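There are 2 protein chains.
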Amino acid sequence: MYYLGIDLGGTNIAAGVVDEEMKLVYKTSIPTESKGGAESVIKRMAEAANLAIEGAGITADDVKSIGIGSPGAIDPVNGVVIYANNLGFKDLPMAAMLGEYFPGKPIYVENDANVAAWAEAKCGAAAGTNDSVTITLGTGVGGGLVINGQLYSGFNHAGAEMGHIVINEGGRPCTCGRNGCWEAYASVSGLIKTTQEHMEKNPDSLMWKISSALDKVNGLTSFDAMRKGDEEAQKVVNEYLHSVATGLVDILNVLQPEVLCIGGGISKEGDYLLQPVKKFAEAEMYARFNATKTDIRIAKLGNDAGIIGAALLGL
Amino acid sequence: MYYLGIDLGGTNIAAGVVDEEMKLVYKTSIPTESKGGAESVIKRMAEAANLAIEGAGITADDVKSIGIGSPGAIDPVNGVVIYANNLGFKDLPMAAMLGEYFPGKPIYVENDANVAAWAEAKCGAAAGTNDSVTITLGTGVGGGLVINGQLYSGFNHAGAEMGHIVINEGGRPCTCGRNGCWEAYASVSGLIKTTQEHMEKNPDSLMWKISSALDKVNGLTSFDAMRKGDEEAQKVVNEYLHSVATGLVDILNVLQPEVLCIGGGISKEGDYLLQPVKKFAEAEMYARFNATKTDIRIAKLGNDAGIIGAALLGL
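For the record, the sequence lines run as chains A and B.
Following the numbering used here, the numbering of the first sequence begins with 8 at its first residue and continues without gaps.
Following the numbering used here, the numbering of the second sequence begins with 8 at its first residue and continues without gaps.
Chain A extracted, bound-state conformation (with noise of 0.2 Å):
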């Protein structure tokens, strides 16, 4: 038997057929025309679907349930998304929706973030563990958590928004409302902040080579001009990387996840990026004199994530 998955996204719509084995055996993806509504949209999910299980050479007989990863506020239990703000969907039965396309089959909806951390738990750099956080460093600050073995987002469904604890009281504005959240300095758009402060002050700065002007300025800008030795570029990255470590033990003093990954853009920086939120991580958690400790690591399955985590819902 297989596993089908979802990952809807504002732009596109991937699909994908996993294995007994939990691979990911083939995928595809089309655009969500998400302008098209509700019903379009359900319809254009459907069309995905049909075209992973034909890519893959299989029937819809072959496949056991179909999983979704959507964005928003998700009820799991009744598949149903509360909310969606970039797609325009309020109260939308999606599993009922996508069930009248493949009747009889199982269907099951979950927040993307959340079935990006079930895959990493489930086949990625987490397999193996029963506790496990993935936090993801992308435009935003997202994640997942896995509890006894369990995907856990709280008793309304509405939790693990990891990028929404405060690391600095009064701090920059979030677009949560919030001030000095962990988002708005540990994500990619963090980042090309704390890049464009430290530039203005320096103007000689190998960073206005890289990037042209302040509106160039990307995720790759302070890591790249680090690594051609240029000062500044250095001191802005190791504020990034402090803050990131900050929300990251916050999140350690909590949980002690047995596996903490992270994923998102900027986790391909691997090294660069995980060696020192390791060292500080040693040095700061509360459990540091403990005989086990997490196990900070990379994320393995980086865009599959989505397709693989919400096909797995159905194991």
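Please note that a few of the clues may not be correct.
Same chains, same names: a pair is fine if it fits in one copy or spans any two.
Taking lysine to any residue and the SDA-like style, the derived pairs with C-alpha atoms no more than 20 Å apart in a straight line are [unchecked claim]: (1) Lys242 / Lys285; (2) Lys300 / Val87; (3) Lys200 / Glu176; (4) Lys300 / Asn92.
Hints are computed from structural coordinates only; laboratory data are not their basis.
What you are looking at is a predicted structure, and each value in this text was computed from that prediction instead of being measured.
The hints should help you fit chain B onto chain A, whose structure is shown.
Just chain B, lined up with the frame of chain A:
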């Protein structure tokens, strides 16, 4: 049948008997005399337990199990105190040692903050819920997590250290070695420090009448002066409540418990603490637009939470 609970502290050992309806029917307390060393402390725990059994008018045969709430890092699976700094315990097989005084009786050991959270979850302010968090605003800031109906403290039982999430990067030094921890602001010690800082800046404040000297300041100074109309004291309380609420909303955003209980000495302020914190949370928490939201409550069991929670480990 009855359940016996022991709340082991650095100064006193409290022991009590809880009935099937989770009511504390009798409690007593004797000095710990921790200087006598581990074997002596265990012996005194057995004495306290027997005094409680006698006081309750029952016999050891009526006791189904014995639970212990101990300071420090605990391995609840093996009933071992891994490390308890203030008692000088390291890798102490507490359950086995106490078991020699009560042959055949099941004995459970848990961290003291965890058992208090367990008590609130079973028969206190969070009774009837599956997911709750209890935080304690005392000398430090402690707490415990109940997730899916079970105490949770991570894969190595070292978690739930909510006091050690950083709310101000590079802020006040904390006893844990980090800077800017929630505990450094939201504990009684933190409140005293904030009070002292404001008194130094304002020699005319009523707080000087209430506490004649800086080293006489306590956790009530600012709240009492505020109630008498002192403006500077109001600023202290506002600053304090802002920090309390900041860490509290961090916890809500990550865990979304059904109920969050606030215990510890400062919780005696009741609505002076609860109402502003609730208002802040309603404005800042990520799930503020959610249909179902965490209920924030004052903890119910006070100093008895330790005995009751320890007893109920056997439930």
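Can you give me the call for Lys200 and Glu176, within, between, both or neither, at a CA distance of at most 20 Å? both (18 Å within a copy, 17 Å between copies)
Have a look at Lys300 and Val87 and pick one of within, between, both or neither, based on CA distance no larger than 20 Å. between (37 Å within a copy, 18 Å between copies)
Homo-oligomer pair classification [Asn92, Lys300; C-alpha up to 20 Å]: Answer is between; shortest inter-copy Cα gap is 19 Å, intra-copy 38 Å.
Please work out whether the CA atoms of Lys242 and Lys285 approach to 20 Å or closer within one copy, between two copies, in both situations, or in neither? Answer is within; shortest intra-copy Cα gap is 18 Å, inter-copy 39 Å.
In this structure, none of the earlier numbered hints is contradicted; all agree with it.
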